[in-house]
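**Student:** So the sequences go chain by chain: X and G.
Using this note's numbering, read the first sequence as starting at 8 and increasing by one per residue.
Using this note's numbering, read the second sequence as starting at -3 and increasing by one per residue.
The hints are simulated quantities; they were obtained by calculation from the structure and are not laboratory data.
There's no promise every hint is true.
The following label-pair restraints were derived from C-beta to C-beta distances [said to hold, decoys possible]:
| # | chain 1 | residue 1 | chain 2 | residue 2 | range |
| --- | --- | --- | --- | --- | --- |
| 1 | X | 55 | G | 174 | 34 to 40 Å |
| 2 | G | 181 | X | 65 | 45 to 51 Å |
| 3 | X | 28 | G | 155 | 23 to 29 Å |
| 4 | X | 65 | G | 157 | 40 to 46 Å |
| 5 | G | 156 | X | 15 | 39 to 45 Å |
| 6 | X | 79 | G | 73 | 36 to 42 Å |
| 7 | X | 63 | G | 64 | 17 to 23 Å |
| 8 | G | 70 | X | 72 | 50 to 56 Å |
| 9 | G | 155 | X | 15 | 18 to 24 Å |
| 10 | X | 63 | G | 17 | 45 to 51 Å |
Ideal Cβ positions, reconstructed from N, Cα and C, are used throughout, including at glycine.
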Amino acid sequence: MNLTELRKKLLAAARAHPPGGDVPYAFEKRVMARLAEKPALDLFAIWNRTLWQAVAPCLAVTLFLGVWTFLAQRNDNSRETLAADLENSLYAPLDNQTETW
Amino acid sequence: MADSAAVDRTDAELIAAVLNGETASFEPLVKKYQPRVFATARRYARRESEVEDIVQEVFLKAFQKLRSFRGDAPFEHWLMRLAVRTCYDFLRAHRRNREMSFADISDEESDWLERFGADPSDASEHAAAARELVERLLAQLSPAARLVLTLLEIEDRSVKEIAALTGWSLSVVKIRAFRARAEMRKCLEKLAREKYL
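Only chain X is shown next, with the shape it has when bound in the complex (with noise of 0.2 Å):
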């Protein structure tokens, strides 16, 4: 079977055939009713759309903690401090044997 002729014939058909714009009747009356009916409460809509606008505020405070926490630790070494004092305080039990009281 040629298939490139049959394509072209089954084409040809649905060319010569356009569907109809008949509409039934007072169509756009249901329309304006569907119009004029109050929007139901969609609470997943809402709840969806609340998320989504969300999103850039959260992004927005996670980037500026971030950047703020990279830039405060690069400028402070209080962190060896901080490591130098646990470490005191884990050992002190240790360093105070003699004490006996």
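With chain X held as given, fit chain G onto it using these hints.
**Tutor:** Relative to chain X, chain G alone:
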């Protein structure tokens, strides 16, 4: 009388009135353009209830998005873009319902194919069986393929027009048209295999 006065108003006047809160002015717009939208929807949906749902959806969307209509192109073009995109959404939502086989074609369609196989000029494209077959064929294509083939091959639109209607870029339209033709060829091969081998 009030109705005829509304019909006499231009699209721009009616749209301005709707945007000013006069919802009733949308009705003449629906009345004027619904035959075009119905004809478009019938290209993609077979059942009349589905066609009505699509058309209703188009006008509801048009009302909701009317503020985004800038007025630099005719309202009809804007509405038809909306209609085509709604039809595409419909096709995507109903893609699972696509028929997967040609096994259930009617006797008339089978006869038409046999006549075509014997002598292509003997099978008329005006036959109802040919229309049924092309419907069946289009129903087997993917949503994008069906949309692009309908616009390009059946409605004879240019690539540029299709890009404007669908919102796809020119290169995407060309690629999808290429794939759609290949998809259709596969479907035709399947049809020939199932019916003649």
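**Student:** Are the hints correct? Go through all of them and say.
**Tutor:** Each hint tested on the structure:
1. 55/X x 174/G: 34 to 40 Å: Taking Cβ atoms as reference, residue 55/X and residue 174/G lie about 37 Å apart, which means the hint holds.
2. 181/G x 65/X: 45 to 51 Å: holds (50 Å)
3. 28/X x 155/G: 23 to 29 Å: holds (26 Å)
4. 65/X x 157/G: 40 to 46 Å: At roughly 42 Å between Cβ atoms, residue 157/G and residue 65/X fall inside 40 to 46 Å, so the hint holds.
5. 156/G x 15/X: 39 to 45 Å: Cβ of residue 156/G to Cβ of residue 15/X: about 24 Å, so the range 39 to 45 Å is violated.
6. 79/X x 73/G: 36 to 42 Å: violated (57 Å)
7. 63/X x 64/G: 17 to 23 Å: Holds: the Cβ-Cβ distance is about 22 Å, inside 17 to 23 Å.
8. 70/G x 72/X: 50 to 56 Å: holds (51 Å)
9. 155/G x 15/X: 18 to 24 Å: The hinted range 18 to 24 Å holds for residue 155/G and residue 15/X, with Cβ atoms some 20 Å apart.
10. 63/X x 17/G: 45 to 51 Å: violated (31 Å)
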